[in-house]
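A.B. asks: What follows is each chain in one-letter form.
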Amino acid sequence: MTFIRNAWYVAGWSRDFGRSLTPLTIMDEDIVVYRTEAGRAVALTDECPHKRLPLSMGKLKGDAVECGYHGLTFGCDGKCLRVPGQSNLPSSAWVRSYPLHEARGIVWIWMGEAEKADPALAFDMPEFDDPRWAPHYGDALQLESHYLPVADNLCDPAHVSFVHPTTLGSAASEDVPIQCERQGRTVITSRWIKDAPPVGFFKAFGNFGGNVDRWHYYYMHAPNVAVIDFGSAAAEDAIGEDERDRGVRLFALHFLTPVSETRTVDHWMHLRNIGLDDEEMGARMNEQFRIAFAEDKAIMEAIQQRERKPPARKPVRIAIDRGPNFLRRIIAEMAAEEAPREAVQAAG
Amino acid sequence: MTFIRNAWYVAGWSRDFGRSLTPLTIMDEDIVVYRTEAGRAVALTDECPHKRLPLSMGKLKGDAVECGYHGLTFGCDGKCLRVPGQSNLPSSAWVRSYPLHEARGIVWIWMGEAEKADPALAFDMPEFDDPRWAPHYGDALQLESHYLPVADNLCDPAHVSFVHPTTLGSAASEDVPIQCERQGRTVITSRWIKDAPPVGFFKAFGNFGGNVDRWHYYYMHAPNVAVIDFGSAAAEDAIGEDERDRGVRLFALHFLTPVSETRTVDHWMHLRNIGLDDEEMGARMNEQFRIAFAEDKAIMEAIQQRERKPPARKPVRIAIDRGPNFLRRIIAEMAAEEAPREAVQAAG
Amino acid sequence: MTFIRNAWYVAGWSRDFGRSLTPLTIMDEDIVVYRTEAGRAVALTDECPHKRLPLSMGKLKGDAVECGYHGLTFGCDGKCLRVPGQSNLPSSAWVRSYPLHEARGIVWIWMGEAEKADPALAFDMPEFDDPRWAPHYGDALQLESHYLPVADNLCDPAHVSFVHPTTLGSAASEDVPIQCERQGRTVITSRWIKDAPPVGFFKAFGNFGGNVDRWHYYYMHAPNVAVIDFGSAAAEDAIGEDERDRGVRLFALHFLTPVSETRTVDHWMHLRNIGLDDEEMGARMNEQFRIAFAEDKAIMEAIQQRERKPPARKPVRIAIDRGPNFLRRIIAEMAAEEAPREAVQAAG
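Chains as they are written, first to last, in the numbering used here: chain A, 1462 to 1809; chain B, 1462 to 1809; chain C, 1462 to 1809.
Just chain A, same shape as in the assembly:
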């Protein structure tokens, strides 16, 4: 399974990078990230083109990187600035410089054609600027899984009842049907569980006296960003589908970054409409998310292990697969769009 390259991927939280050389792997490419003296984030191929030593084993010299083996030095744009012991610089001495975009405490990297790296394409949502919402950053969860099964899981509210019974789901939702639609390159799956006891998360944070209406909306923006809108409101309030702000409402954000064919990082965070100044509440919510996402991780990784053997037969298809099926179709379309470029490159 190939990766979609023309998209913004999260390289890390802004707090992850500074005046040191931080190695990353994305789509099997070794990358070193650092900040210039002025604070701008830079991403270069993490390999000296002379002897292949990772540049991240070298030193930052001003805004440039000096290789730790023979001192070849590369600037922010990837051009070689110095070869010790000689005055001429070989024209082949350069490394790739990746387009970066930093906003909302997130550093995004563009893995595809540089000329298409439009910052306006990077994910954003207005609630980051809205005083009725508080953002709270989470973790970089490592999963030993290809990113697509993780993305499938983010088009699939049905798993919540079985995988997250103590936090985000309960048996009450097991048989509630799921709505599913495709809008451009986004898959939207959702369901409402009406008039049921609050699940663990909303017992902890909702302060509800009786039954609630609970919703889950999963917006999976292919290939790599998911926004999960979920919340609960007192059942007696009988709120409408468009009145979700009247309840306790959260957006859980997942930014998937493929590391390799068998590893993915999920940078996750949330925004909430309660306890806006209560950092401690945000931290406690993240504790609940950590429990839930560790449950997902266990499942993704067990499946990845199984994928090492070819399947004995065709997978069973069931109704709740509609969301993941939409996603895979979008991914196939995006891959086909990129394929000619690759073919041209390979031929060139």
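Hints may be right or wrong, so weigh each one.
Cut-off 30 Å, straight-line C-alpha distance, at most; resulting in silico cross-link-like pairs (DSSO-like, lysine-lysine) [said to hold, decoys possible]:
#1 C:K1770 <-> A:K1577
#2 B:K1522 <-> A:K1775
#3 C:K1522 <-> B:K1770
#4 B:K1758 <-> C:K1758
#5 C:K1758 <-> A:K1522
#6 B:K1540 <-> B:K1522
#7 C:K1577 <-> B:K1655
#8 A:K1577 <-> C:K1522
#9 A:K1655 <-> B:K1655
#10 C:K1540 <-> B:K1775
#11 B:K1775 <-> C:K1577
#12 B:K1770 <-> C:K1770
#13 A:K1775 <-> B:K1540
#14 A:K1758 <-> B:K1522
#15 C:K1540 <-> C:K1577
#16 C:K1770 <-> C:K1758
#17 C:K1775 <-> A:K1540
#18 A:K1758 <-> C:K1770
#19 C:K1770 <-> A:K1520
#20 C:K1758 <-> C:K1664
#21 A:K1577 <-> A:K1540
#22 B:K1540 <-> A:K1758
#23 C:K1577 <-> B:K1770
#24 B:K1655 <-> C:K1520
#25 A:K1770 <-> B:K1520
#26 B:K1775 <-> A:K1775
#27 A:K1664 <-> B:K1522
Just so you know, these hints were derived from the structure itself, not from any lab.
Since chain A is already given, all that's left is putting chains B and C on it; use the hints.
C.D. replies: Below, chains B and C alone, put in the same frame as chain A:
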């Protein structure tokens, strides 16, 4: 090297299974074993046909298993009983249910064609019911080795002098010739070491004052069950070959189960004709066996390591290879018998 | 990359071998080394030709080795002396015996054609016998790297400024040009850094009051032996290139032994012309070497990791590559010389 499928293999001791989901791997197949509410052991393919999650990561619901990802539920016969969120059950939603047979505290599994799974074919011996014999269960020894070199070792009394010098053998037997014959699908190798000091095991348990006659009879029932009849009698008694019950006599049983091409489990136990009510003596005997079988394990695993490289030349053949050679011929015959079935399956 | 077989390689220090069976791997061949009762070192293939058990898991019996599985016994020349249980010895029952040469506390092994194993070809230097020099043995450094990048590093004084800034190099030498020549099968690279502060090593051992002239001469004797002549003399003494004995001078010796395509052992030691009776000084010098060689190891191993992926493009060539380029050409010549022999063997 292929496996012989139409045979009973030990899945585990009866005590290993209960009202929980126990994952096993046999012949590279993932299997989950549990007991019904009535106590019957059940073995199913340990993989949901929807997303390949191991069913053993799910839950036991009555006599059925619920997948931990989306709640697909399978009965003892492997048929799907429920797909949450929909009323129709896809005909492809089933898992394999393996024939089991439980007797003598042992759970046997049949890896081949279900219609051939005759419980009468499972290994048994009358001494289990004989008041002059006491059985004592042992361990499930993991060996990082294909099962055939382990089975070879169980047609090979010659190794005992060199591999087990402190417990089961001694230098006195190094050059004593070995008898070898084939009876149907059983290889019988044996030798008597006459009028020699008792070996470690019989020093510990035989209470002999002087020299003994010692015998080793290895019955290797292809492909996977070995019965080792060994014992000692005072040399001065000069017992006949058929009077072995007059001495201290044991049956060490080995049940080999191939896990993969490079891993085997050896479930071993013994029956003895002394100390019938002395559980503590049985436990001390097992301590001696543990020492000896760890010695075998070290050798099997070192050889398996070497088998990762192709051999530089043809192996040397020596006289004591007759037993293993018989065994390999029987295995080849059994494999040939099964081959047409596989060809038919592959074509079907 | 193939190995050069017709050369003496270090099997170990003399102190490493005694009256026990020591397993080694060289060029992917498993070898067992031991000493006879008379003290002579012997090296045999570490694999019984019967069942492939490592002979090093057996026992030393006089000057012969008894296999730990069935007791086959092999003499110093590799011929089978005994097969227990039978009187005839199969002609195929033998193992290879490798030529060894022991001198200066070092055991050398010849991996190629035995008839070419001339002890006079083994590395030696007159300073071992010279009362103005003291030898001091070092370690057997394991590197997870093919041996050729390690050998490249020993034709490359340029790396010292960047890799060993606290011990053997300093920024003062970064741009000093390197002399390079080939003499037969030896690559000689060198440079003098004149009138600069002493580097860490000579701060610790030179007792210099002011600036020094420092030299590095790397003699890389293909395929596997490097002699590094380095030292410092007071700049005010203005010594000539041939007057190096007037300064503090050391020979660091590196003996590379390929274990496999991805592993090398570097047996290293030094000779020095100061503190001849001061064993403690030798030990402290080795501490400095240990720091420096661990720095080399980190770089070699990082590069080996990268070599697991095919390179994305051709490596950049720079001026300081001349030494390694000479070396690779010599290695190619030696490999070509051996190739016909191999072709003949393969055909035979």
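A.B. asks: Does each hint hold? Answer for all of them.
C.D. replies: Checked hints:
1. C:K1770 <-> A:K1577: This hinted pair holds, its Cα atoms lying about 28 Å apart.
2. B:K1522 <-> A:K1775: Distance ~26 Å between K1522 (chain B) and K1775 (chain A) Cα, so the pair holds.
3. C:K1522 <-> B:K1770: Roughly 28 Å separates the two Cα atoms, so the pair holds.
4. B:K1758 <-> C:K1758: violated, 36 Å
5. C:K1758 <-> A:K1522: holds, 24 Å
6. B:K1540 <-> B:K1522: holds, 14 Å
7. C:K1577 <-> B:K1655: violated, 53 Å
8. A:K1577 <-> C:K1522: Not satisfied, since the Cα-Cα distance of roughly 75 Å exceeds 30 Å.
9. A:K1655 <-> B:K1655: violated, 84 Å
10. C:K1540 <-> B:K1775: Judged against 30 Å, a Cα distance of about 16 Å means the pair holds.
11. B:K1775 <-> C:K1577: holds, 27 Å
12. B:K1770 <-> C:K1770: holds, 23 Å
13. A:K1775 <-> B:K1540: holds, 16 Å
14. A:K1758 <-> B:K1522: holds, 24 Å
15. C:K1540 <-> C:K1577: holds, 21 Å
16. C:K1770 <-> C:K1758: Given pair K1770 (chain C), K1758 (chain C) holds - Cα atoms ~20 Å apart, limit 30 Å.
17. C:K1775 <-> A:K1540: Holds. K1775 (chain C) to K1540 (chain A) sits at ~16 Å (cutoff 30 Å).
18. A:K1758 <-> C:K1770: holds, 28 Å
19. C:K1770 <-> A:K1520: holds, 24 Å
20. C:K1758 <-> C:K1664: holds, 24 Å
21. A:K1577 <-> A:K1540: The hint holds at about 21 Å.
22. B:K1540 <-> A:K1758: holds, 28 Å
23. C:K1577 <-> B:K1770: holds, 28 Å
24. B:K1655 <-> C:K1520: Given pair K1655 (chain B), K1520 (chain C) holds - Cα atoms ~26 Å apart, limit 30 Å.
25. A:K1770 <-> B:K1520: Holds, at roughly 24 Å.
26. B:K1775 <-> A:K1775: Given that 30 Å is the threshold and the Cα spacing comes to 43 Å, the pair is violated.
27. A:K1664 <-> B:K1522: Since the Cα atoms of K1664 (chain A) and K1522 (chain B) sit roughly 27 Å apart, the hinted pair holds (cutoff 30 Å).
Comparing the model with each earlier hint shows violations of hints 4, 7, 8, 9 and 26; every other hint is respected.
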